[in-house]
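Participant: Sequence:
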Amino acid sequence: MKRRHFLAQSITALSIARFAGANEGAMRLPPRKTIRVAFLLGAGANVIDTAGPWEVFQDTEVDHDEPFQIFTVAPERKLVKMTGGLEVMPKYTLEDAPAPQVVVVPAQKSHPKSLEWLRTVGKATDVTVSICTGAFQLARAGLLEGQKATTHHDFFDKFAQEFPEVELQRGLRFVDNGRIATAGGLTSGIDLALHIVERYFGPEVANKTATYMEYTRR
60 MKRRHFLAQS
70 ITALSIARFA
80 GANEGAMRLP
90 PRKTIRVAFL
100 LGAGANVIDT
110 AGPWEVFQDT
120 EVDHDEPFQI
130 FTVAPERKLV
140 KMTGGLEVMP
150 KYTLEDAPAP
160 QVVVVPAQKS
170 HPKSLEWLRT
180 VGKATDVTVS
190 ICTGAFQLAR
200 AGLLEGQKAT
210 THHDFFDKFA
220 QEFPEVELQR
230 GLRFVDNGRI
240 ATAGGLTSGI
250 DLALHIVERY
260 FGPEVANKTA
270 TYMEYTRR
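Quick note, our numbering runs 59 ahead of the 1-based positions in the sequence shown.
It should be emphasised that the hints constitute simulated quantities derived from the structure, not laboratory data. Predicted model only: the values in this text are computed from it and were never measured. Among the hints, erroneous ones may be present.
No farther apart than 25 Å at their CA atoms in a straight line, the calculated lysine-lysine pairs in the BS3-like style are these [as the list claims (entries may be wrong)]:
1) K182 with K168
2) K217 with K92
3) K137 with K92
4) K182 with K207
5) K140 with K92
6) K172 with K150
7) K92 with K168
8) K172 with K137
9) K182 with K140
10) K168 with K150
11) K207 with K137
12) K92 with K207
Pairwise CB distance ranges, derived in the manner of DEER restraints [claimed, not checked]:
13) G237 with M148: 43 to 53 Å
14) E154 with T93: 31 to 41 Å
15) P90 with E146: 31 to 41 Å
16) R277 with R136: 14 to 24 Å
17) P223 with Q128: 31 to 41 Å
18) P262 with L138: 32 to 42 Å
19) A219 with P262: 28 to 38 Å
20) P157 with G237: 31 to 41 Å
21) Q128 with E154: 11 to 21 Å
22) M148 with M86: 30 to 40 Å
23) G237 with P262: 14 to 24 Å
24) P223 with S169: 17 to 27 Å
25) E273 with K182: 31 to 41 Å
Built from N, CA and C at the ideal position, the CB exists for glycine as well.
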């Protein structure tokens, strides 16, 4: 199956061009020495939607400490086949994962158990974010109702049709409502992850992380 055809079938991902910063709700996040970040995986999860933000969080240092504890979680502890055929064994299931402060949802196929997990943990996270068409999962879990959001540009019309209660922001790199944030897809997930780092630790730490990654923030 051609990659673009698979993306369209599973409502997955590429990227958008223009920049968007935080919305008015994007205040500083509570200071924490340790921040657990759960990456929710499912069938067809997009590799760069996952790997881009993962790299940001793993490369962040504060006073020579690594504050982000990152892990994968999925409905079952079995290999998850991601885009391009990459297979990943999740560290936790939805039942035994530790409570996260941040949840990252890359583009992937919907799973009823994952949606229910998002509804539950989303009540207590500092911030829950989606990358690309991961926004469909947040919306299906009811987390985007009445919120501003974005997704991959190929799926703007489909998203607007399925979720008229969500205020779709077209052409933005990411949108931050405070406790819920969405990115357009692929490399824009890196921008949103750096933005989350900045909300926790300020621009100096975020910019230092971007420099280490050889990444130019837009």
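Participant: Against each hint, give a clear statement of whether it holds in the structure.
Facilitator: Going through the hints against the structure:
1. At most 25 Å may separate the alpha-carbon atoms for a hinted pair to count; K182 and K168 meet this at roughly 22 Å.
2. Distance hint between K217 and K92 is unfulfilled; the C-alpha atoms sit about 40 Å from each other, more than 25 Å.
3. Between the alpha carbons of K137 and K92 the distance comes to roughly 31 Å, so the proposed pair goes past 25 Å and is violated.
4. A C-alpha spacing of about 18 Å is found between K182 and K207, which places the hinted pair at or below 25 Å, so the restraint holds.
5. For the proposed pair K140 and K92, the alpha carbon gap of about 33 Å is over 25 Å, so the pair is violated.
6. Distance check on the hinted pair: K172 and K150 sit about 17 Å apart at the alpha-carbon level, within 25 Å; holds.
7. Of the supplied pair hints, the one linking K92 and K168 is violated, its CA atoms being roughly 33 Å apart against a limit of 25 Å.
8. Under the criterion of a C-alpha separation no larger than 25 Å, the hint pairing K172 with K137 is consistent with the structure, at around 15 Å.
9. With a C-alpha separation of about 29 Å, the suggested pair K182 and K140 falls outside the 25 Å cut-off, and the hint is violated.
10. This hinted pair checks out: K168 and K150 have alpha carbons roughly 19 Å apart, not beyond 25 Å.
11. Between K207 and K137 the alpha-carbon distance is near 34 Å, which puts this suggested pair outside the 25 Å criterion.
12. With a CA separation close to 30 Å, the supplied pair K92 and K207 exceeds the 25 Å bound.
13. For G237 and M148, the Cβ-Cβ distance of about 33 Å falls outside the hinted range of 43 to 53 Å, so the restraint is violated.
14. About 22 Å separates the C-beta atoms of E154 and T93, a value inconsistent with the hinted range of 31 to 41 Å.
15. Separated by about 37 Å at the C-beta atoms, P90 and E146 satisfy the suggested range of 31 to 41 Å.
16. For the pair R277 and R136, the supplied restraint of 14 to 24 Å is violated, since their beta-carbon distance comes to about 37 Å.
17. For P223 and Q128, the hinted distance range of 31 to 41 Å is satisfied, since their beta carbons lie about 38 Å from each other.
18. For P262 and L138, the hinted distance range of 32 to 42 Å is satisfied, since their beta carbons lie about 39 Å from each other.
19. Separated by about 33 Å at the C-beta atoms, A219 and P262 satisfy the suggested range of 28 to 38 Å.
20. At about 23 Å, the beta-carbon gap between P157 and G237 misses the expected band of 31 to 41 Å.
21. Judged by the Cβ atoms, the range 11 to 21 Å given for Q128 and E154 holds: they are separated by roughly 19 Å.
22. As the Cβ distance of M148 to M86 is approximately 36 Å, the hint placing it in 30 to 40 Å holds.
23. With their beta carbons about 18 Å apart, G237 and P262 fall inside the hinted range of 14 to 24 Å.
24. Between P223 and S169 the C-beta distance comes to about 19 Å, which sits within the given range of 17 to 27 Å.
25. Separation of E273 from K182 is about 37 Å and conforms to the stated range, judged on CB atoms against 31 to 41 Å.
In summary, the structure is inconsistent with hints 2, 3, 5, 7, 9, 11, 12, 13, 14, 16 and 20 from the numbered list given earlier, while agreeing with the others.
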